[in-house]
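*Asks:* So that you can map any letter, position 196 of the first sequence is 195 in numbering that gives the first Met the number 0, and since no number is skipped, the others follow by simple counting.
Hints may be right or wrong, so weigh each one.
[What the hints assert, rightly or not] Derived DSS-like pairs (lysine-lysine); straight-line CA-CA distance at most 25 Å:
#1 K4 to K215
#2 K4 to K28
#3 K28 to K194
#4 K28 to K56
#5 K73 to K56
#6 K141 to K349
#7 K73 to K55
#8 K194 to K116
#9 K55 to K82
#10 K368 to K4
#11 K4 to K194
#12 K349 to K116
#13 K4 to K376
#14 K55 to K65
The hints are simulated quantities; they were obtained by calculation from the structure and are not laboratory data. These numbers come from a predicted model, not from an experiment.
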Amino acid sequence: MLDIKFVRENPDVIDTAMANRQTSWDREKFFALDDERRAVITEVEELQATRNVESKKIGALMREGKRDEAEAAKEAVREVNEKIDGLADRRSELEAQLTDFMAHLPNLPYEATPVGKDETENPERRRWGTPRDFAAEGFEAKPHWDLGTDLGILDFERGAKLSGGRFTVLAGAGATLDRALESFFLNTHLAAGFKEFIPPVVVNREIMYGTGQLPKFEDDAYHVGDDQFLIPTAEVVLTNLHAGEVLDAADLPLRYTAGTPCFREEAGSAGRDTRGIIRQHQFTKVEMVKFATPETSDDELESMVAEAEHILQLLELPYRVISLCTGDLGFSARQTYDIEVWLPSYNSYKEISSCSNCGDFQARRANIKYRDPENFKGTRFVHTLNGSGLPTGRTMAAIMENYQNADGSITVPEVLRPYMGGLERIEPQA
RNA sequence: GGAGGAGUGGCAGAGUGGUUGAAUGCGGCGGUCUCGAAAACCGUUUACCCGGUAACCCGGGUACGAGGGUUCGAAUCCCUCCUCCUCCGCCA
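I would like the entire structure built from these sequences, with the hints used as guidance.
*Replies:* Spelled out as structure tokens, the structure:
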């Protein structure tokens, strides 16, 4: 949620920001709603002030035993109340409309976010590692879906039988590898000072609203039970852990992490990444979330990307880092780095992590503030950040493809071997 | 799932339907005292919204789990929901 006062005072800034995001906003509608709303509020509150004064007089008259005067005063207040009732309905209607209007406005791109129209204009920041030259090694690299099927560690057919398309059964060493990755990611983050959580993965509607999944992207989430949702990412739960709270500046930044199953309907993604485990309805992801002051959030974003990169470096997987341009930026983010890992089957880099600084956008929605009596009176909104660190599925796909051998086996990266009982190679499963 | 109890300010804890935004205590902040500190004493202490002001602030409104209702007036009465606690049942 944007600051309504800022929008009111800087509509031109909003014009530019929305244009850069390749979208638009209804400026006239905003001012029509906001102007009328404020006029109605002023009117209602003046009437309420009158009512409060007159009602107190009634109390005094009653005590003095002046029944007739009290009755006359009651009648007068009744008339005031009738006026208030009429205006109050209009007021709540306007406030509901304005809140809904504001809830659909995306965050303003930060100054560090490059202007661009779509994903083709995301500037590359850096590269790490060199992709293997399979031709020089004398064999053709197989895609992970073929490797996984041949080795018996990815079972797409049975996944479809159980649950439909885009659900996959991990079997044997595949299941172990997934679990190993999750533990490896979490342990690495713990060593970097993150605190670990196991949160619920079913959440209430207002929680999805707090991080910006709702109201705009309701179709992308699984709706279950009595108006609850399966989380599409642990960002939702970790960020909302502190919803409605006032944090202490001395405790910031807070660095949280959690490995959870994530659920996405992937509405609108039909036909994209249909093969393999790149795009699934259910997958495991270790997420990083931070709460920081506005002064430190830029640095925290950089160190979050570095943390995700560190994982890939330990796994020795080639990757590159790009900045998302304004036209490709997510709804709640003001600045985002994507990390893309080298996937031989795509013959290119494929997104594996997305690290975003949301500024105070989510904090305003979820009402997360902080107090810093040394530096200012009252409270301010914190900045929230989130980043994948990392999804197990796409990482597994990258490992399978980048670590494959000519005979179809897969070498287990050294850092993972302690997590897999010392296993060095994944061979065909029984 | 059944029965009972409770939800008030940072925390604890009062509150006959009418100067209660809310006693009191603790905590926090400022001060007196002190070389300094503790103790004691004095003062102070919420959030959001609307309006005014360059600003310190000032005026008004709203908020006692949430939402409705009764009333001239609700923390206080009524209804619905949520959460927590206790006991019983069931269960990984």
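*Asks:* Next step is simple, just say for each hint if it's right about the structure.
*Replies:* Hint by hint, here is what the structure shows:
1. K4 to K215: holds (22 Å)
2. K4 to K28: Holds - the C-alpha atoms of K28 and K4 are around 16 Å apart, at most 25 Å.
3. K28 to K194: Status violated; Cα separation ~44 Å.
4. K28 to K56: violated (42 Å)
5. K73 to K56: This hinted pair holds, its Cα atoms lying about 10 Å apart.
6. K141 to K349: Distance of about 16 Å is within 25 Å: holds.
7. K73 to K55: Satisfied, since the Cα-Cα distance of roughly 11 Å is no more than 25 Å.
8. K194 to K116: The hint is violated at about 37 Å.
9. K55 to K82: Measuring from Cα to Cα gives roughly 19 Å; hence the hint holds.
10. K368 to K4: Satisfied, since the Cα-Cα distance of roughly 18 Å is no more than 25 Å.
11. K4 to K194: violated (36 Å)
12. K349 to K116: holds (20 Å)
13. K4 to K376: Answer holds: K4 to K376 is near 20 Å, not above 25 Å.
14. K55 to K65: This hinted pair holds, its Cα atoms lying about 14 Å apart.
When the structure is compared with the earlier hints, violations turn up for hints 3, 4, 8 and 11 and for no others.
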